[in-house]
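Protein chains: 2
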Amino acid sequence: MSRIRIYNARILTMADGCNFIEDGVLTTDGERITYAGTADGEKQGTVYDREIDAKGNLIMPGFKNAHTHSGMTFLRSFADDLPLDRWLNESVFPREAKLKDGDIYWCTKLAVMEYLTSGITACFDMYLKPYEIAKATEECGFRCVQVGGMNNFSQSLELQEEWFNELNGKNPLTSYILGYHAEYTCSKELLSGLSELSHKYKAPVWGHNSETASEVSGCEERYGLTPTELADSLGLFDYGGGGYHCVYLSDNDIEIFKKRGLQIVTNPSSNTKLASGIAPISRYLKEGIGLAIGTDGPASNNCLDMFREMFLVAGLQKLKESDASAMDANEVLYMATVGGARAMGLDECDTLEAGKYADLIMLDMSKPEMQPVCNVTKNIVYSGSKADVKLTMIAGDILYEDGRFNIGEAPDTIIREVNKVNQEIGGVR
Amino acid sequence: MSRIRIYNARILTMADGCNFIEDGVLTTDGERITYAGTADGEKQGTVYDREIDAKGNLIMPGFKNAHTHSGMTFLRSFADDLPLDRWLNESVFPREAKLKDGDIYWCTKLAVMEYLTSGITACFDMYLKPYEIAKATEECGFRCVQVGGMNNFSQSLELQEEWFNELNGKNPLTSYILGYHAEYTCSKELLSGLSELSHKYKAPVWGHNSETASEVSGCEERYGLTPTELADSLGLFDYGGGGYHCVYLSDNDIEIFKKRGLQIVTNPSSNTKLASGIAPISRYLKEGIGLAIGTDGPASNNCLDMFREMFLVAGLQKLKESDASAMDANEVLYMATVGGARAMGLDECDTLEAGKYADLIMLDMSKPEMQPVCNVTKNIVYSGSKADVKLTMIAGDILYEDGRFNIGEAPDTIIREVNKVNQEIGGVR
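In order, the protein sequences belong to chains R and C. For the first sequence, the residue numbers in the working numbering are 108 to 536. For the second sequence, the residue numbers in the working numbering are 108 to 536.
If you are wondering where the hints come from, they were derived from the structure by calculation, not from laboratory data. You may find that some hints are simply not true.
Which copy is meant is left open, because identical chains are indistinguishable; a pair holds if it fits in one copy or across any two.
Claimed, not checked - For lysine to aspartate or glutamate, the following EDC-like pairs were computed, each having C-alpha atoms within a straight-line distance of at most 20 Å:
#1 Lys393 with Asp188
#2 Lys366 with Glu438
#3 Lys162 with Asp519
#4 Lys150 with Asp471
#5 Lys365 with Glu394
#6 Lys162 with Glu524
#7 Lys393 with Asp147
#8 Lys393 with Asp358
#9 Lys277 with Asp471
#10 Lys427 with Asp192
#11 Lys427 with Asp188
#12 Lys295 with Glu265
#13 Lys366 with Asp136
#14 Lys277 with Glu531
#15 Lys295 with Asp208
#16 Lys309 with Asp454
#17 Lys207 with Glu455
#18 Lys366 with Glu460
#19 Lys242 with Glu197
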C-alpha cells in the first residue's frame, strides 16, 4: 500500500454529472483518495511513494460490473447458440456438476484479469463456492460483492446465513448480500425462508428476475403472480434489493420496484446473445428506478467487457424505441459507475472525492478512437474499448498498468489452470 | 518491403472453413504469401529479413471493413442521438461544407490508425476528395477500395469517370468502384447516367440501399418502386455490385439481388445507433446472397471496430428472430474476411494461401478473454476485441505491432491535425 499522486490528468469525478476537471490532480494515502481537484487547489507538502504523469489522460471511477458469474470462465464459447433453458439445463448445469474443489478459485482469478483489462474495479458475483471466490478476489486485491445464488439444487438457507456472517465485515474488499438464483429454480418454501433471513438481518435481497418471457409466464401459471409480485408477496423486498435482467416487468412490477426502492441491473449482451429480449431501460430511467449494468457470466455473454455493455445499453434502447435519442450516453456512464456502486452497497467506491476508496481507472486519450477530444463521455460510451484502459486501481493499489498485471499470481499460471479445468469437464480444443 | 517468416503460429487460412493449422508457418516474399501451412511442409533454404515467433498466437486474414466513410473522423461524437435524416441534414452536411482542402487527408489517416488497431487491412470507402483519400491511404501503406458517392449536390458523372480511370491500375493498394450515395439524394437522370457509365466500362455499381423504412417509402411515393427496383430498372445492376445497409429489402428486392448476383454489406452498429432497424441477415444468408460487414462512418457508429460489428451481426439476428441459434459465429467470421474481400473485388486478399497478398493479422491468444482456448473462432466473434490485435500486415508490410504504428507519419501529428479540423468546423472540447 503506497501513497500515489497522479497529475496532469483530466478527471471525471462523477460527483458532478459528466463534468470534467481539467489539469487535475488526484492523490491517495494508500487505500483512499485524499484529493481530487485542480492542480491549483492541491495542498503542498506531502511526500508520495509514486508520482504518475497522466499526460492529459482521463481518470474516472472504475466500472462496477453489477451482475456476473465470474467463475464460469471455464465455459466460455463452450455452449453458444442455444436458448436459455437448454443452455442452462443441457450445457451449464451438467458441466458445473463436474467442478472440483479449487476449480472456481482459478476460474475466478481469470475473470479478475479480464475485469481489470476492461476497467472494472468491482463485481456483483453470484456463483458457487463463496469462500473460494473470496480467497481468489482478495488475493488479487479485487473488490467483490457476492450474492447468494440459492436454489432447490444448490446452496441452502443455513449456508447462506453462514456466508452472510463470515463474508461481511472481515475484509474491506469482500462483502456478501442475500439472494436467490431465480423464482423458477426455487420453491416457494425456500423463498419464504430467505424472506425470514432478510427480516432477521434487515438485509436487502437480490435475484434473477423476469429474464425471459417464458420465466414470467411459468411463474404466472404456478402462482398467478409475476416473479416480482411473488417475491414481494413473500416479503423478500421489505428491506430493498433488486433484480438482475428485468427484461419483462409488468406495470405493477414497476410500481413494486418504485415502492420498495428496488434497483435493476441490466445485462444487454447476455440478453442479446441468448435472444431473451431488450429490457425497457429508457422507461425504467423515466420511472426513476436505480439502474446499473452487468456483463452476466462468460458462459452466456461471452466476454466481461463493460465497454460493449455500455454501447448496447444505449444502442438497444434506440432500436427498441425506433428513436435515436432514446438513451443518452451520459446516463449510461452513470449507470456503469455510480449506479453500480449504489446497487452493490459500495457507497464509498462510487465517485472520485476525498475520503472515498481509490477505485479508479485511467483511459488513454491518445488512442485514435478517442479523437477528436470533443465529447469525451460520448467517446467513452460509443467508441471506447478495453484497449483504452491504461491503468486500473482498487483501494489504492495499481493492479493493472499498460498491459501488465500485479495480482500476486502469474497470469500464465492462471491461464494454464483454467484450461486444465476446461479439459477436465470435456472441453475440445 | 522485406521477406518475413512467422512460425509457431496457429493459422486460420479461411480457405478451409474455420479449420486451423496447428504449429503453422507463414512466409512472404515481400508483398505476397509464399507459404501457409504446417511446419513440416515448409521448404527450407530461404533467407528471411525477419523471423517472428508467434508463440502460439493466431494468424488469420485481416478484416475487410466493407462500408465506411473514413474521413468523417472529424465528426465523431459530434452529432449523436439524432435520427438519420436530421443527423445527415442538420449535423453532417453543413459541417462537411466547411471542410478545406487537405482536411480529409488527415481525417482519413486517423481512420487508418483505428483500422489497424482493429485488425482491418482494407476498407470500402465512400467519401469526398478521392485523390486526398488515395494519397493518405497509400502513404500509410493501407489498402483502400473507393466507391463513388455521387449525388445531386456533390461529385458528378464526369468526375466519377475521371476517378474510375485515374484510381484503378496505378497502385496495387488503391482501386475505385462506381457508385452513388443513395436513391434519395440522386435524381433519376443522375442514376441513368451512372448506368450508362457502368455499361461503358462493364463495371459493378454500389450505393446505400434501403437503410431506413422512410427511405423505401419515399422512393415508392416518388417512383412506385423500391430503391432496388428503381436502380435495377435503370440497368444499374447489369454488371453486378450491391448495396450498403439493406435493412428493408422486399421479397422482390431479394429476388433482384439473387438474379444479379448482388452483394450486401451490413452495418449493425450504425443501424443500431441511428435506430434504423435490424437487417434480416439470417434470411439473406439462407437465400445465398453474398454478405460482408462494415462499420459505416465514425460520425454515426462511432467507432471503426470490426469486433463490435461481428458481435452485433450475430447478436442482433438472435434478438430479431428470438432464436439464440439464428446466426453462427463462423458465418460471421467468413463475412468479415472473405465475404468483404469478395464485395470489394479483392480476390487476392481473401485467404492465407501462397500467391495471395499478405494481408493478415495476429491475435493474442494469451489474453484472458481468449481463455479457455477451446472454440477459438467463437472466442474471436463473441469475446474478441481490438485489445487482442498484436500485429496488422498489409501487402507484406507490418503497419501496426504491439501498439506501435509504422505508417510514415507520426501518430501525434495526425491526431493534432484532426483535432484542428474539428475545432475549425465548430467542435467543442
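Consistency of the hints with the structure:
1. Taking CA atoms no more than 20 Å apart as the test, Lys393 paired with Asp188 passes between copies only; the shortest distance there is 17 Å, against 33 Å inside one copy.
2. For the homomeric pair Lys366 and Glu438, neither the shortest alpha-carbon distance inside one copy (22 Å) nor that between copies (47 Å) is at most 20 Å.
3. Taking identical chains as interchangeable, the C-alpha atoms of Lys162 and Asp519 lie at most 20 Å apart only when they sit on different chains, with a minimum of 13 Å there against 31 Å within one chain.
4. For the homomeric pair Lys150 and Asp471, neither the shortest alpha-carbon distance inside one copy (27 Å) nor that between copies (44 Å) is at most 20 Å.
5. Taking the closest pair of Cα atoms, Lys365 and Glu394 come within 20 Å of each other only inside a single copy of the chain (8 Å); across copies the shortest separation is 48 Å, beyond that limit.
6. Taking the shortest alpha-carbon separations for Lys162 and Glu524, only the inter-copy value of 19 Å comes in at or below 20 Å, while the best intra-copy value is 38 Å.
7. Taking the shortest Cα distances, Lys393 and Asp147 never come within 20 Å of each other, neither inside one copy (39 Å) nor across copies (63 Å).
8. In the homo-oligomer, the alpha carbons of Lys393 and Asp358 lie at most 20 Å apart inside one protomer (13 Å), although the nearest pairing across protomers, at 39 Å, exceeds that limit.
9. Neither within a single protomer nor between protomers do Lys277 and Asp471 lie at most 20 Å apart by alpha-carbon distance, with minima of 35 Å and 38 Å respectively.
10. Taking the closest pair of Cα atoms, Lys427 and Asp192 come within 20 Å of each other only across two copies (19 Å); inside a single copy the shortest separation is 24 Å, beyond that limit.
11. With identical chains, the CA atoms of Lys427 and Asp188 are at most 20 Å apart between copies only, with a shortest distance of 14 Å across copies and 22 Å within one.
12. Taking the shortest Cα distances, Lys295 and Glu265 sit within 20 Å of each other inside one copy (17 Å), while across copies they are farther apart (76 Å).
13. Taking CA atoms no more than 20 Å apart as the test, Lys366 paired with Asp136 passes in neither setting, with 40 Å inside one copy and 70 Å between copies.
14. Neither within a single protomer nor between protomers do Lys277 and Glu531 lie at most 20 Å apart by alpha-carbon distance, with minima of 34 Å and 56 Å respectively.
15. With identical chains, the CA atoms of Lys295 and Asp208 are never at most 20 Å apart, being 30 Å at best within one copy and 71 Å at best between copies.
16. When the C-alpha separation of Lys309 and Asp454 is checked against a cutoff of 20 Å, the pair qualifies only within one copy, where the shortest distance is 18 Å, while the shortest distance between copies is 67 Å.
17. For a Cα distance limit of 20 Å, the shortest separation of Lys207 from Glu455 qualifies neither inside one copy, at 36 Å, nor across copies, at 50 Å.
18. With identical chains, the CA atoms of Lys366 and Glu460 are never at most 20 Å apart, being 31 Å at best within one copy and 64 Å at best between copies.
19. For the homomeric pair Lys242 and Glu197, neither the shortest alpha-carbon distance inside one copy (30 Å) nor that between copies (55 Å) is at most 20 Å.
The structure shown violates the earlier hints numbered 2, 4, 7, 9, 13, 14, 15, 17, 18 and 19.
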